[in-house]
Every structure is written in structure tokens, then in C-alpha cells.
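Kindly produce the complete structure, drawing on both the sequences and the hints.
One letter stands for each residue in the lines below.
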Amino acid sequence: MNWFWYASPQTFFPLAATIARWSGIAAVVLALAGLYIGFFVAPTDAQQGEAYRIIFIHVPAAWMSMFLYVVMAFWAALGLAFNTRLSGMMARALAPTGALFTFIALWTGSLWGKPTWGTYWVWDARLTSELILLFLYLGFMGLQAAIDDPRRADRAGALLAIVGVINIPIIYYSVQWWNTLHQGASVSLKSSPTMAAPMLAGMLVMALAFWMYSIAVAMVRVRCIIRERQ
Amino acid sequence: MTGAIQCIVRRDLLLAMRRKSDVATALLFFVIVASLFPLGVGAEPNLLRSIAPGVIWVAALLSSMLSLSRLFAADHADGTLEQILLGAAPLSLVVAAKAFAHWLVSGLPLVLIAPLLALQYDLPASLYGVLALSLLLGTPVLSLIGAIGAALTLGLRGGGVLLSLLVLPLYVPVLIMGAGSVEMAAAGMGGQGQLLLLAAFLVVAAAFAPWAIAAALRISSE
Amino acid sequence: MLRAEQLECERAGRKLFRGLSLILEKGDLLRVAGANGSGKTSLLRILCGLLTPDGGEVRWRASDIRQLREEYSKQLVFIGHATALKDELTASENLFISCSLAGLRVDEEKVYAALQIFGLKEEKNLVKRLSQGQRRRAQLARLALSESIPLWLLDEPFAALDASAARLVEELIGRHVARGCVVVYTTHQETRMEGARVLDLGAG
Chain A
14 MNWFWYASPQ
24 TFFPLAATIA
34 RWSGIAAVVL
44 ALAGLYIGFF
54 VAPTDAQQGE
64 AYRIIFIHVP
74 AAWMSMFLYV
84 VMAFWAALGL
94 AFNTRLSGMM
104 ARALAPTGAL
114 FTFIALWTGS
124 LWGKPTWGTY
134 WVWDARLTSE
144 LILLFLYLGF
154 MGLQAAIDDP
164 RRADRAGALL
174 AIVGVINIPI
184 IYYSVQWWNT
194 LHQGASVSLK
204 SSPTMAAPML
214 AGMLVMALAF
224 WMYSIAVAMV
234 RVRCIIRERQ
Chain B
734 MTGAIQCIVR
744 RDLLLAMRRK
754 SDVATALLFF
764 VIVASLFPLG
774 VGAEPNLLRS
784 IAPGVIWVAA
794 LLSSMLSLSR
804 LFAADHADGT
814 LEQILLGAAP
824 LSLVVAAKAF
834 AHWLVSGLPL
844 VLIAPLLALQ
854 YDLPASLYGV
864 LALSLLLGTP
874 VLSLIGAIGA
884 ALTLGLRGGG
894 VLLSLLVLPL
904 YVPVLIMGAG
914 SVEMAAAGMG
924 GQGQLLLLAA
934 FLVVAAAFAP
944 WAIAAALRIS
954 SE
Chain C
277 MLRAEQLECE
287 RAGRKLFRGL
297 SLILEKGDLL
307 RVAGANGSGK
317 TSLLRILCGL
327 LTPDGGEVRW
337 RASDIRQLRE
347 EYSKQLVFIG
357 HATALKDELT
367 ASENLFISCS
377 LAGLRVDEEK
387 VYAALQIFGL
397 KEEKNLVKRL
407 SQGQRRRAQL
417 ARLALSESIP
427 LWLLDEPFAA
437 LDASAARLVE
447 ELIGRHVARG
457 CVVVYTTHQE
467 TRMEGARVLD
477 LGAG
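Chains as they are written, first to last, in our numbering: chain A, 14 to 243; chain B, 734 to 955; chain C, 277 to 480.
These are calculated hints, taken from the structure and not from any lab test.
By construction, the Cβ of each residue, glycine as well, lies at the ideal position given by its N, Cα and C atoms.
Please note that the accuracy of each hint is not assured.
Stated by the list, open to error - Over the 12 Å line for every Cβ pair with chain B, so calculated as not near, a few chain A residues:
| hint | residue |
| --- | --- |
| 1 | Ser21 |
| 2 | Phe25 |
| 3 | Val83 |
| 4 | Phe148 |
| 5 | Ala171 |
What the hints assert, rightly or not - Once the Cα atoms are required to be at most 27 Å apart in a straight line, the calculated DSS-like pairs of lysine-lysine come out as:
| hint | chain 1 | residue 1 | chain 2 | residue 2 |
| --- | --- | --- | --- | --- |
| 6 | C | Lys291 | C | Lys302 |
| 7 | C | Lys302 | C | Lys350 |
| 8 | C | Lys397 | C | Lys386 |
| 9 | C | Lys386 | C | Lys404 |
| 10 | B | Lys753 | C | Lys350 |
| 11 | C | Lys386 | B | Lys753 |
Structural data, given as C-alpha cells:
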């Protein structure tokens, strides 16, 4: 299959619709399966009761938020290297979904905190990193929104995404260390219940569901962008 | 080639000297921000001593960011940036030179003034060295990373605020290690590890940021 | 020497030109004409390498200018719309710096001589105190020091100049072309330059 043929926005347009339809269906099916596992199959946790079930949304959302950033940076790099217009559009299409998952991860993390430790926010290493990731997403979207010329917007965003993706491990490590330095935050979302197989299965299925959802939404958005720019 | 680089550094320093107010305002901002915190949280000495490294570092961050928008804006407005882009020396070296000149004018003064602020917060004199060293290693990194943001947001409306949004998340590791080194030293654990990490950040930033800044400038000048 | 193939440019949603090709050899003088907004400046910036065209490529002595980067920049002078002078420096300081950045070895004497040719004597004044015409002349003084640079790309070089300064610029261009170099300039004023080929970008 000649990939470069699909690199043209015009030819990709109908393909995107097909992909969107199938991944949308897959997303719904997987989500139902995942939620069923999460809410009915997985056992009640001895320490945290039913409230822990929110990790079936929290953890996959967090995984997706990081995964999508890397994918976005990948498309960005491709766009800068080969000067293809579609790559830039893909990155632009993915950003809002990535930001959404980051927000969901933060929100569900907060909801988990309340019944478990009594506070809505803990400066836990992972939540703090997610917060910074949210800022990175918002920065990317803000930069693209501020630039009128689509080509400059795509390329500027791409550079920012690449700089961001390189920094993410550094940020994560620094925040981890910072967390150990300030012993005050002794509670941590890491003290999650020991992973029983059905729990892990549930999270993986939800993660796949989120992934399919992201693809579907990104395809729809790319189609909008293609139409806008014609 | 070194001629062009020396030329840029000298030019920027000359321009800064002829417009001293810009330099002074950034420095003043640093001092004012650091002075605001006791007014906000109360002047209890133990509290101040414990928040001092963080506050001084955050103030340095904000001051550095304020002065960043000036890095390329003036050159962009009067057309000299185009000439720099069309220069004979490799662009990454020229922008590194510009970032260096910028640091000399807005970063280095912070390093020198910091002990004065530490005094305000009653930080023990033994920590002045670590504080100054952490700023000495960290502020160039702030200049380099910030320059990427400044280059990307060149000529955009809402530039200053947008620049902060882009650049502050990237500043977090430097902030954590910088303030952390002083806190570790305060706790009697030396802080060398964090200082070494800052030095590593500096080396990596000096090696890669110029390329990114040059690429960003080309993108923004089209 | 300079060859552009199938250049395509789109700005602010409008297609400025497409399929534009040109070949310039030693001693060629090209005038790019066209109404405001027809893409004259964009074309010049594409030829410098400041702007990436949406399609096509530019070659200097058979090499793609995107590969050449500084090698290419060293061989051209670009005079743009903005005066490219720092307000807080004097005309001579500005000229000295712009030559150094371009890799030209100049000394004070040559700089003053160049400024003198354009009627700006030992100006101790900072550029911000000069008039518009004086600033333009200070910028164009660069041409007097660029005899060794084979490609001149000039965007509206005659704008804001009085008759004598304009004639001076024409002379410099004429001499440069006679030396076997290439000059491309844009203007929407009618000039008396002999032997110029004209590329008309139309009504914009």
C-alpha cells in the first residue's frame, strides 16, 4: 500500500470516515465490556470498598493522556521532517482528546481521593505530573489557536510538541523526586489495591476502549480540519 | 564565524546598556515579587526560612520569563531578525550567542542579588553559596528554554501570557532541582546531587536548545 | 546561476502564484513588477530562503538552497521593506554590524566611506533621530560594501528615496550587473533601468 498516497488530505478524507465509523463501534463495545468487568466482575477491595472502582476510568485515562501526547509528537515530527500537511492536521486533531483524558484523569483522581483520604487533591507525584501534562496540552492548543497562518501554526505546534515530549520524562522524574523530598504527602495514588487479574483486565479493556474512542474522534476532527482548509 | 558571534553578543550588550531601564525593571520585579510573599503569608521567621528557596526560585522564574519576550521582539519589529536569519554564521550559534547575552543582562544580576533576598528571609548565610550556585546553573537553562518559547510566539497577539503558558511547565524540573538543592543543603544533606543535575540540564539545554530556537525562528519568520 | 522551478505560494488563503519558474545567469537584471499584494515580496523572500514555498524549489549554482543554508546566505544581500536598523545605534554601528553578520570583513574607514557615498557623514546621531529618507540611505549603504556578493535581492529599493539617491542606487545596481552578478528587484514605480527583464506578477 502506498502510504504517501494517503498523505494527501483529499484522499485521506473518505478513509477517515471509514476508520471513524469502525473505531467508534469498537469503542462502544469495549467500553461496555470494560465497565461490566470493572463494576460487576472485579471483586470488592478489602480496604477501599467500592470507591476504588473509579481506577477503571482513572488509570486508563492517565495512560491515554500520555500515549496521545507521544502519538501527537510523532505526527508532529513526521510533519516537520517530510513537510506533509496531513501530519500536522493529525497532531492538531489529537490534542483536544489528549487534554480531555488528562482532565478526566485529574478529575477521577480527585474523586478517588475524597472517599479514600478525605481530600479532593493530593500533591501526589502522578497527579502533579498529570497536571503539568494538562498545561502542556493547553499550551499546544493555545499556541495553535493564536497563529492565524495554518502552516505556521502546524509547524510551531509541532516543534513545541517535540520539545514537550522530550521534557516529559525529565518532568516526571523531577516531580517524583520532589514528592519524596516533601514527606508531607504520605498518601499516594500508588497505594492502589493489589492487582487482581480481573482488575488488570478491566483496566486494559477500558484503555483499549479509550484508544478506539480517540481514533474515532481524531478522524472526525481531521475531516473537519481538511474541510476547513480547502 | 566567531566574528559574527562576538558581534551579536557585543551588539546586544550595547543595546542593553543604551536602554538600561529594561534591565532594571526585570531586576526590580524579582525583588518586588520576593518581597510580596511575606506580606501574603505572614512574617513568621520559621515559615519564611522554609519557603525562602522556593519563593526566590519562583521569583527568578517569573522575572526571567518577563524579560524573555524582549529577546527577539525588538529584532523582529525592526527587521534585523531577517538579516540575522540570512547571516553567515550558523543560526544555532547566533541564537545561542543571543541567549547568552540575554542571560548576562537578565539572569546573572539575579544570581548576584539573590543573597540579598536570602537575607530578607533570614536564610542562614551558609546556604547563600548553594542558592547562588543553583541560580547560576539554573538561570541559563531558563534563558535557553524560554528562548524557544519566545521564538515560537514571535509577533503573536497575547504573546506574553501565551509565552508563560508554554514555558512554565518546561521550567518545572529546573525549579524543583534548584529549590531542592537549597532545601537539601538546609536539611544538612549537601544538595550536590541536585546541583549536578542542574549542571546536566545546562549541558543538555546548551547542546539542544539552540537548534530548537533556530528552527522556531525560521518557522515564525515565514 | 539562480534557478527557480515551479514555485507555488499561498498566503492568507490566497494563491499568489503557481508554476512560476525563472532562470537567471551572470549579468542578469530582473525586475519583479505587480500591484500591491501580488506576491512580489513573497517571491523575493522565497528566493532568499526566508520563506518556504508551497511547491517547487530554488537552486543556486545547481544546489538546492535548502541544503546550502548559510553557504547560500553568504552569497546574497537582501534589502527588505523594514529598514533593519537598530534605533539605539548609530548608522555606522549598524552598518558595521550588518556587515559582520554577513561575514564581510570591513573596517571603520570603509563603513564611513560607504555612508559618505549616500550623503550620511560622520553621523554621531542614533538612528532614531534620523529621518525616514536618511534611514533608508543608511540601509542601502550596505550595497556599497557588497561588491563581492554575487546576488542582490532588493525589495522596493527606490521607496522613500529622493531623485539623487535613487540615481545612486540605479548606478550601483548597474555596475553590479556589469560585473557579472545577478540583481533582482521589485518596485511598482517606473524606473529607468536599462536592460532589465520584467516579471509581472499581475494584479494581485
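Outcome of the hint check:
1. For serine 21(A), the shortest C-beta to C-beta distance to chain B comes to about 22 Å, beyond the 12 Å cut-off, and the non-interface label holds.
2. Interface exclusion of phenylalanine 25(A) from chain B stands, the closest Cβ pair being 24 Å apart, more than 12 Å.
3. With a closest Cβ-Cβ approach of about 16 Å to chain B, valine 83(A) is found to remain outside the 12 Å limit, as its non-interface label requires.
4. Not every C-beta of chain B lies more than 12 Å from that of phenylalanine 148(A), the closest at about 4 Å, which undercuts listing it as non-interface.
5. Some Cβ of chain B comes within 12 Å of the Cβ of alanine 171(A); the nearest lies about 9 Å off, and the non-interface call is violated.
6. Of the supplied pair hints, the one linking lysine 291(C) and lysine 302(C) is violated, its CA atoms being roughly 31 Å apart against a limit of 27 Å.
7. The straight-line distance between the Cα atoms of lysine 302(C) and lysine 350(C) is roughly 17 Å, inside the 27 Å bound, and the hint therefore holds.
8. As the CA atoms of lysine 397(C) and lysine 386(C) are separated by approximately 13 Å, the hinted pair is consistent with the 27 Å bound.
9. Distance restraint check for lysine 386(C) and lysine 404(C): the Cα-Cα separation of roughly 23 Å lies within the 27 Å cut-off, and the hinted pair is therefore satisfied.
10. At most 27 Å may separate the alpha-carbon atoms for a hinted pair to count; lysine 753(B) and lysine 350(C) exceed this at roughly 34 Å.
11. The straight-line distance between the Cα atoms of lysine 386(C) and lysine 753(B) is roughly 31 Å, outside the 27 Å bound, and the hint therefore fails.
Hints 4, 5, 6, 10 and 11 from the list above are not met by this structure, while the remaining hints are.
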